[in-house]
Every structure is written in C-alpha cells, then in structure tokens.
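Assemble the whole structure, with the sequences as input and the hints as a guide.
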Amino acid sequence: MGIPTRDEDVALHARILQRESVANVDAFAVFVDPLIAAVKYARGCTHEMARDAAIDVLLDYLEAPERFDPQRGRLFSYLAQSAKNTVTDWQRSATRRQAREEKFGLLFELMGRSPKECLEQSAEVKRVVERIEQSDLSQVDRAFLGLMLQGERSTQRFAEVLGLGALPAVDIQREVKRNRDRILKWLVRFGREVFGDES
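Heads up: the sequence shown begins at 1 in UniProt numbering, then just goes up one per residue.
Think of the hints as simulated: they come from the structure by calculation, not from any bench. Remember, predicted model here, so these are calculated numbers, not experimental data. Some hints here could point you the wrong way.
[To be verified] No farther apart than 25 Å at their CA atoms in a straight line, the calculated lysine to aspartate or glutamate pairs in the DMTMM-like style are these:
1) 40 to 124
2) 126 to 136
3) 126 to 152
4) 40 to 26
5) 177 to 136
6) 84 to 48
7) 126 to 171
8) 177 to 152
9) 84 to 136
10) 185 to 124
11) 185 to 152
12) 126 to 141
13) 84 to 69
14) 126 to 69
15) 84 to 8
16) 84 to 33
17) 177 to 124
18) 185 to 133
19) 84 to 26
20) 185 to 171
21) 177 to 133
22) 185 to 136
23) 40 to 56
24) 40 to 8
25) 84 to 60
26) 84 to 63
27) 84 to 171
28) 40 to 60
29) 126 to 60
30) 185 to 175
31) 84 to 66
32) 185 to 160
[Unchecked claim] Quick list of simulated restraints, FRET-style, between CB atoms:
33) 146 to 167: 18 to 24 Å
34) 124 to 171: 20 to 26 Å
35) 95 to 129: 37 to 43 Å
36) 146 to 46: 50 to 56 Å
Don't be surprised by glycine CBs; every beta carbon is placed ideally from N, CA and C.
See below:
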C-alpha cells in the first residue's frame, strides 16, 4: 500500500479524534507499511527496527492524537519523522552501549580476570598497600616502590625520587639499579611476612 493522500490523512485523523473504534485498525492498515518503507530508506535500518518504530509511533499517536496539528503538515509526514527520530535514538543508544561494552570487555580482557576476580584482587591490593604503609619502609623507598609498581622505566624519574640529580649519568644508573634491587629484596621478605601470616 502506498502513502495515503492528504484527504485520506485528514479524514482518518478526524475519525481518530472522534475515537471511532475502527479508526485505530484503519490507521495501522493505512500507515504501517509506508512508514516501514520510509524509515528503512531514510535510516538504513533493519525491517524489524523500522516496524517497531512505526508501531511505537502509531501507538503514541493513537494515545494522544490531539498532539498532531494538521495546520503544520500531513499526518503521514508527522508520523514518518517521529519514526525516523525514534530509530536514530535507538541507533545512537545502541552505538553508545556497544562502545561501553567494548571498553568494559577490553578492560577485563587486558586484565585477564573476571569482574569477581578483579574485585577480590582489588581488596587484596588494598590490604597489601595498608601493610606497606604500616611497614618500616621510608617515604623515599615508598615513592620508589610506587614508581616500580606503576611500571615506570625512566631511570631519570627514579633518580629524581632518590635525589640523585647532581651525579653523573653512570653513577645515577648504578644507584637506581642498586636501590631497585634492594627494594625488590625487601618486597620478597615483605611478601613472605604478609602471606606467611595468613597460612
């Protein structure tokens, strides 16, 4: 069935305003197929999405037909534009949802853990950090350890934490390595103490 004429639009709208029981059925018979075609053409969506939008828009219109103003244009144009807008909203929402899901999935893929494992690990990390803060490790060593745990690779950053800026580059490298080795040994002992407490 093709797009209804202006006269058919006007006559059908008048019947719907009078709440004729058969008018709702006629509205579906007259508008659904042309609306589906118009939405699919304009938005490049699936038949199902276009059909759902057409039905939603028709139901909204039939619920409150007085919102349509015949002075501003044709009923079909009003319904078609509403259906196109509905599909656009759905497509944007689906795109945002997909982007969120991809980011969320990538996060856990990178971490290689399930959400439950991540929560458990987060609680464990918090507990270990609290134990480090209660330990005898100096502020400088804690800052150095913090850089190590963040994956820092710049010798210069470690040298800044240690206050080695005035030394020659060779000495800085040697001191950073010595401190890194010392803190790694401390971490091994600390790990034995912390996890040995739990066994």
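Each hint tested on the structure:
{"no.": "1", "hint": "40 to 124", "verdict": "violated (52 Å)"}
{"no.": "2", "hint": "126 to 136", "verdict": "holds (18 Å)"}
{"no.": "3", "hint": "126 to 152", "verdict": "holds (20 Å)"}
{"no.": "4", "hint": "40 to 26", "verdict": "holds (22 Å)"}
{"no.": "5", "hint": "177 to 136", "verdict": "holds (21 Å)"}
{"no.": "6", "hint": "84 to 48", "verdict": "holds (13 Å)"}
{"no.": "7", "hint": "126 to 171", "verdict": "violated (35 Å)"}
{"no.": "8", "hint": "177 to 152", "verdict": "holds (13 Å)"}
{"no.": "9", "hint": "84 to 136", "verdict": "violated (66 Å)"}
{"no.": "10", "hint": "185 to 124", "verdict": "holds (21 Å)"}
{"no.": "11", "hint": "185 to 152", "verdict": "holds (18 Å)"}
{"no.": "12", "hint": "126 to 141", "verdict": "holds (19 Å)"}
{"no.": "13", "hint": "84 to 69", "verdict": "holds (19 Å)"}
{"no.": "14", "hint": "126 to 69", "verdict": "violated (62 Å)"}
{"no.": "15", "hint": "84 to 8", "verdict": "holds (22 Å)"}
{"no.": "16", "hint": "84 to 33", "verdict": "holds (14 Å)"}
{"no.": "17", "hint": "177 to 124", "verdict": "violated (28 Å)"}
{"no.": "18", "hint": "185 to 133", "verdict": "holds (17 Å)"}
{"no.": "19", "hint": "84 to 26", "verdict": "holds (22 Å)"}
{"no.": "20", "hint": "185 to 171", "verdict": "holds (21 Å)"}
{"no.": "21", "hint": "177 to 133", "verdict": "holds (23 Å)"}
{"no.": "22", "hint": "185 to 136", "verdict": "holds (14 Å)"}
{"no.": "23", "hint": "40 to 56", "verdict": "holds (15 Å)"}
{"no.": "24", "hint": "40 to 8", "verdict": "holds (23 Å)"}
{"no.": "25", "hint": "84 to 60", "verdict": "holds (14 Å)"}
{"no.": "26", "hint": "84 to 63", "verdict": "holds (19 Å)"}
{"no.": "27", "hint": "84 to 171", "verdict": "violated (69 Å)"}
{"no.": "28", "hint": "40 to 60", "verdict": "holds (20 Å)"}
{"no.": "29", "hint": "126 to 60", "verdict": "violated (52 Å)"}
{"no.": "30", "hint": "185 to 175", "verdict": "holds (15 Å)"}
{"no.": "31", "hint": "84 to 66", "verdict": "holds (21 Å)"}
{"no.": "32", "hint": "185 to 160", "verdict": "holds (21 Å)"}
{"no.": "33", "hint": "146 to 167: 18 to 24 Å", "verdict": "holds (22 Å)"}
{"no.": "34", "hint": "124 to 171: 20 to 26 Å", "verdict": "violated (38 Å)"}
{"no.": "35", "hint": "95 to 129: 37 to 43 Å", "verdict": "holds (38 Å)"}
{"no.": "36", "hint": "146 to 46: 50 to 56 Å", "verdict": "holds (51 Å)"}
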